[in-house]
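J.: Listed here are the chains, written in short residue letters.
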Amino acid sequence: MSSPGASRRAFGRRRELALLALGLPALLLLGAVFAWPVLRLLSLSVEGGDLAQFEKAALDGLYVSVLADSLKVAAVVTAICLALAYPVALWLSRAGRVGAAIGLFALLLPFWTSVLVRTYAWLVLLGRNGVVNRALRDWGLIEAPLPLLHNMAGVLVGMVHVLLPYMVFPIYAALLRVDPDLPRAAEGLGASSWRAFRRITFPLSLAGVSAGCALVFVLSLGFFITPALLGGGRVIMISMLIEQQVREFLDWPFAAALSTVLLIVTLAIYGLIGRLTRGGRLETA
Amino acid sequence: MELSIKGIVRRFGPVTALGGIDLDVAEGEFLTILGPSGSGKTTLLKTVAGFEIPDEGAVLLGGQDITLTPPRKRDVGMVFQNYALFPHMTVAGNVAFPLEMRGLKRDEIRRRVEEALRLVELDGFAGRLPRQLSGGQQQRVALARAVVFGPGLLLLDEPFGALDRKLREGLQLEVRRLQRRLRLTTLFITHDQEEALIMSDRIAVMDRGRIEQVGAPSDVYARPATRFVADFLGESNLLDGNLAGGAVRMDGFGPVPLPGQPPGPVTLLVRPEAIRLAGAAEAAPCRGRGRVVETIFLGLSAKLRVRMEDGPEVLARVPLRPSMPPPAGEGEWLAVGFSPEDAHVVPRG
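In the order they appear, the protein sequences are chains G and X. The first sequence begins at 1 in our numbering and counts up by one. The second sequence begins at 1 in our numbering and counts up by one.
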């Protein structure tokens, strides 16, 4: 008795359901081994029925200042990554097929080695008698070894190294989508190549910049291995405090509260970056 | 300004994209470069715009050698194939761009942007983004942006390719009117021969990196200099024959009188509209008989493919009216003829 339109809509719904069914195994897996445990952990923070755990975190100056430090480290890492990654992405997007293949391969290479191994490698390189210090001394550039390890410098080097590809790829992808005729047209209309870049290419790549920044910032905020190993206890990230609560004090509810705070801050920053660069995103859509 | 292209050669590895191009465009002239894809016409345009540096030769604009001048200093407005509008800027922002680059004052920029948008009948669209416009409107924005700074030369790179037929015809005439009004020296690139015939003062036909012929549209159409031009521009019957004793002998037709030419093998061009069929052919001096292979209905006219008796296949185009049905159906025999004045001798080369 249904009209042809209704049966067509039913057909469309059936197709949607079929697609959903294909994605179901992955969704179930994610739900069972990721979403559910995370929710369980987060719910621990309000187990007592009140916000006592959050109160404890807010009143103890340590946690607030560590969170602030973590945000600062994440911001600095993001800024360094952006400054280093943009030129690389620009070069990749304009390199020929061979150049781009080699460049992308070089960028992907570190992904085949675990973060742990790469961080230990930095210990060897940056130590008092490490490769860097010895080379500098041999060349007579320094007298005493530079303190490169167990401080902020070491942490930044290690984190930028690990996170750089996460900045390069989104920017590279955004630059590839910019029609090469656009900067060309700008130059034909009287712009120098620098102005053509500033007025045309760069604004059109902002979507990639924002995606890269969001990715790197969020990943840095929760970074654990690299600051723990290269910071030598002098650079404390919020993730290290959470780990301490779980492993040493077995205070799961408090660790859950700190995790909740980290999650909320992360989501807020993610939303903020998205909002700030929404213009850019719309324009390349 | 007048444009002068002298002996331009451009090679890409073993491929010669431009094999010595000489071309002059007079002040205020609309010259079309017509050629199939891969003929080198886009490379030539890029050379004039400054995006390509030629291996040999020179480009002169207004008497000045600009061969090595960077694009931004060339005083050339260009409309790209896909318009290349800046997607993150409004219509007004796009049109203002070349003026900003030239450091004009804000009031002056606003005045000239308004004027340019009025010129292309887009006043009221200043605040829109390019993606909020139709293809035809985008094309007009690109045009406004290319002429707003009063360039000495306008380059159009197949600007109508992406538009549907009806819109295209309207815009072609509009661009032509605008070009005449501004007296803009214009180099126009297309592979569409109809477009070239409609718009140009002169046409330069290009093939494989060389210019085959330059001339007024009617001239190039009626008297093509080479077989390629005859074939590429409009539809054609190219009939091979042998000239002896003041007449051409060829398969399928009676002898065609052709005085004052040296004897030897010749090729005759007869346009389909010059071919006469059935009753109309009886009076034609050069006649033969053929069988209709195919009839194609075109609305105002019909095209007939006719296989000549012991001869080549010819294409004829006859007008259609209710009182004038097609002269014969498929498979039927009929008389085919033309008059020698409608035949043009295509030089063999």
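Hints are computed from structural coordinates only; laboratory data are not their basis. Some hints could be false.
Unchecked claim - Here are some chain X residues the structure puts well away from chain G; computed CB gaps all over 10 Å: (1) 22; (2) 62; (3) 81; (4) 82; (5) 101; (6) 102; (7) 198; (8) 218; (9) 236; (10) 238; (11) 265; (12) 300; (13) 332; (14) 341.
Said to hold, decoys possible - Pair by pair, the computed Cβ-Cβ distance ranges are: (15) 87/G to 192/X: 51 to 57 Å; (16) 79/G to 27/X: 37 to 43 Å; (17) 7/G to 231/X: 31 to 37 Å.
To be verified - Residues of chain X placed beyond 12 Å of chain G at every Cβ, according to the derived structure: (18) 1; (19) 37; (20) 94; (21) 125; (22) 167; (23) 192; (24) 195; (25) 210; (26) 245; (27) 289; (28) 301; (29) 318; (30) 321; (31) 327.
For clarity, every value in this text was computed on a predicted model and none was experimentally measured. In this text, a Cβ means the ideal position worked out from N, Cα and C, and glycines have one as well.
J.: Confirm or reject: residue 321/X is not an interface residue toward chain G, with every Cβ-Cβ distance exceeding 12 Å.
T.: holds (44 Å)
J.: At 12 Å, judged by beta carbons, does residue 125/X keep clear of chain G as stated?
T.: Holds, since 18 Å exceeds 12 Å.
J.: Please confirm whether residue 101/X is truly not at the interface, meaning its C-beta sits more than 10 Å away from all C-beta atoms of chain G.
T.: It is violated; residue 101/X is separated from chain G by about 3 Å at its closest Cβ, not greater than 10 Å.
J.: Would the least Cβ to Cβ distance between residue 245/X and chain G come out above 12 Å?
T.: Nearest chain G Cβ is 59 Å from residue 245/X, so the label holds.
J.: With d taken as the least Cβ-Cβ distance between residue 1/X and chain G, does d exceed 12 Å?
T.: holds (16 Å)
J.: Against chain G, does residue 301/X keep a CB gap of more than 12 Å to every residue?
T.: holds (40 Å)
J.: Using Cβ atoms and 12 Å as the threshold, tell me whether residue 318/X really stays out of contact range of chain G.
T.: About 45 Å separates residue 318/X from the closest Cβ of chain G, which puts it past 12 Å; holds.
J.: Find the nearest Cβ of chain G to the Cβ of residue 81/X and say whether that gap is larger than 10 Å.
T.: The assertion about residue 81/X is violated, with a minimum of 8 Å to chain G.
J.: Just checking, residue 82/X versus chain G, shortest CB gap more than 10 Å?
T.: Label violated. Min Cβ-Cβ 7 Å, cutoff 10 Å.
J.: Beyond 12 Å from every chain G Cβ: check whether that's true for residue 289/X.
T.: Correct as stated: the minimum Cβ-Cβ distance to chain G is 55 Å, above 12 Å.
J.: Please verify that the nearest CB of chain G lies beyond 10 Å from residue 300/X's CB.
T.: Holds, since 39 Å exceeds 10 Å.
J.: Hey, does residue 22/X actually stay past 10 Å from chain G on C-beta?
T.: Non-interface label on residue 22/X holds, nearest chain G Cβ at 24 Å vs cutoff 10 Å.
The structure fails to meet hints 3, 4, 5, 6, 15, 16, 17, 20 from the earlier list, while all remaining hints are met.
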